[in-house]
Amino acid sequence: MSKRPACGAAVMAAPFLLLVTACATLDTTIPESWAPRVELTETPFHAQLEHHCGPAALATVLEAAGASPSYEALVDRIYVPGLEGSLQVELLATTRHYHRIPFRVPGELEAVLAEVVAGRPVLILQNLGLPSRPIWHYAVVIGYDRDRGEILMRSGEERVQVTRLRPWMRQWDWASRWAMVALRPGELPVHREFPPIVRALADFDDHGPGHLRLQAWLAVADYWPLEALAWMGVGNAHYSLGALAEAARNFETALQLQPDHWPARLNLAVVLLEQDHSCRGRDVLAARPMASDHPWREVLGDLTERLERACADQSADPVHPVFQGSSGSELPWLEKTRLVCATAQSGRRQTSILETHSTRQAGSVCRSST
Amino acid sequence: MIRSFFANSLVAFAMIAFLMPAQAQLVSTGDALALENGSLQLRVEAYLLQDSVAAELTALGVSHEMAMARVANMSPEELELIAGRIDEMPAGAAGVVYILGVVFIVLIVMHFFRR
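Quick note, the sequences are listed as chains A and B, same order. When we follow the numbering used here, the leftmost residue of the first sequence carries the number 1, and every step to the right adds one. When we follow the numbering used here, the leftmost residue of the second sequence carries the number 1001, and every step to the right adds one.
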């Protein structure tokens, strides 16, 4: 009989436990089309100390995704001494701290094993006790054996723990079938549903560095090229890297896909303001009426006012009509700016532009378009 | 959750501060999602929960400094989920004898269930 150090604490599990157990069918079918046996032997192993199944399991999946957190640092980050366990929420939050994106895996055996087949170990919560007397434990699924009906895990002090499918399913079911993968930014989970994936990326956006956010959102926009929010995510990441022209293009793409996407419209206007293209920004905001009960009416009013002020200032500058003219043009405005700049950079015209414009304006326009 | 007039004013203030920064600032993807779901207000309130969740963690033996660092990584939804509920945790603190006893009983029960 295998020894199973129990630990863990599961605040999310409790409310859903009854619901899940009441209607669950323990489907333990492993598709015949898959390999009869899979084991991710390269998955690292950390023997758990005391009640540290959370840190041990998280270290395993983070390392498998190329991060290198120390076991002690993870204990500091997710262990709660008063609970002698770790919270699911903190496993997710700490995954982001190590610049990996946590995705929840749907509560079906096939979904968990599909990740394993794709090469990703899956962190799961188990209840080794009873629904009324839970003993929470985190472990990492690393494989299965279809013919023998077994699940393989890194668990507790065991490098490879073998559990029969049905009891495994019950222990997982009694823990509300909670499972997650930790992926590198730019990777998507096997089960691709837009809302939960963008939720995970939006949470990563709050803390992740710009270049990783960009990779993550580009993967989403690549997979869902018709979703405005995906392009808005790419735009925000570009903006955080200072790539204003790219950001503006991404927001324009989002607006082409969904003209009433106010977040993209407001962000485009902010970028245009920063690029000293205030008149164009004002036009972007004025191009579509905002519902009178929209929660961002004040934001819109404030931004419009600033753009109008800046636009008026620019119009007072005798040089600016050159740039202003393009705002009403049929041509994509950004391309036109780039054209002006390209001309500006190739010789004589540059001198004339720099003579007629203030250096700051010429510089910012050219920077924004290169 | 008790919502006093003060709390509501605070939230309203935070909402304005949050959504109308002095410097122009992009709408985050999180805000865009909250707008779609109609949960902007919740999102703002959740940010205000950071301190109370950190206090709960501190009461459970996490150092104040680390508790603040830990809540900073939580999303508004995650804060909302655990605020005020951390100590309702199912017992993960059972003694070894108890654990072995329960595991033993469970294994017996499973033995009978398994056909």
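Read the hints as simulated data drawn from the structure, not as lab findings. Please note that a few of the clues may not be correct.
[Stated by the list, open to error] Some chain B residues flagged as far from chain A (calculated, every beta-carbon gap over 12 Å): (1) Q1041; (2) D1051; (3) M1066.
[What the hints assert, rightly or not] Partial chain A-side listing against chain B, Cβ under 8 Å, derived: (4) V75; (5) L87; (6) M232; (7) P263; (8) N267; (9) V270; (10) S292; (11) P295.
Yeah, the Cβ is synthetic: ideal placement off N, Cα and C, and Gly gets one too.
Supplied contact hint for V270 (chain A), tested at 8 Å Cβ to chain B:
Cβ of V270 (chain A) sits 5 Å from chain B, so the hint holds.
Checking a non-interface call: every C-beta of chain A should be farther than 12 Å from the C-beta of D1051 (chain B). Is that right?
16 Å, holds
Minimum Cβ distance from P295 (chain A) to chain B below 8 Å?
Holds: closest Cβ of chain B sits about 6 Å from P295 (chain A), inside 8 Å.
A closest beta-carbon separation below 8 Å is what the hint needs, so does N267 (chain A) meet it against chain B?
Holds, about 5 Å.
Was the hint right that S292 (chain A) lines chain B, CB cutoff 8 Å?
With a closest approach of 16 Å, the S292 (chain A) hint is violated.
At 12 Å, judged by beta carbons, does Q1041 (chain B) keep clear of chain A as stated?
Contrary to the label, Q1041 (chain B) does not stay out of reach of chain A, its closest Cβ about 8 Å off (not over 12 Å).
Under 8 Å is the threshold here; is the Cβ of M232 (chain A) close enough to any Cβ of chain B for the hint to stand?
Cβ of M232 (chain A) sits 6 Å from chain B, so the hint holds.
Grab the minimum beta-carbon distance between M1066 (chain B) and chain A and tell me whether it stays above 12 Å.
Its Cβ does come within 12 Å of chain A, the nearest being 6 Å, so this is violated.
Hey, does the V75 (chain A) contact hint survive, CB to chain B under 8 Å?
With a minimum Cβ separation of about 10 Å from chain B (threshold 8 Å), the hint on V75 (chain A) is violated.
Less than 8 Å between beta-carbons is the criterion; does P263 (chain A) satisfy it with respect to chain B?
This interface hint holds because 4 Å falls under the 8 Å limit.
Hint validity - L87 (chain A) Cβ closer than 8 Å to any chain B Cβ
6 Å, holds
Of the hints listed earlier, those the structure fails to meet are numbers 1, 3, 4, 10, in rising order.
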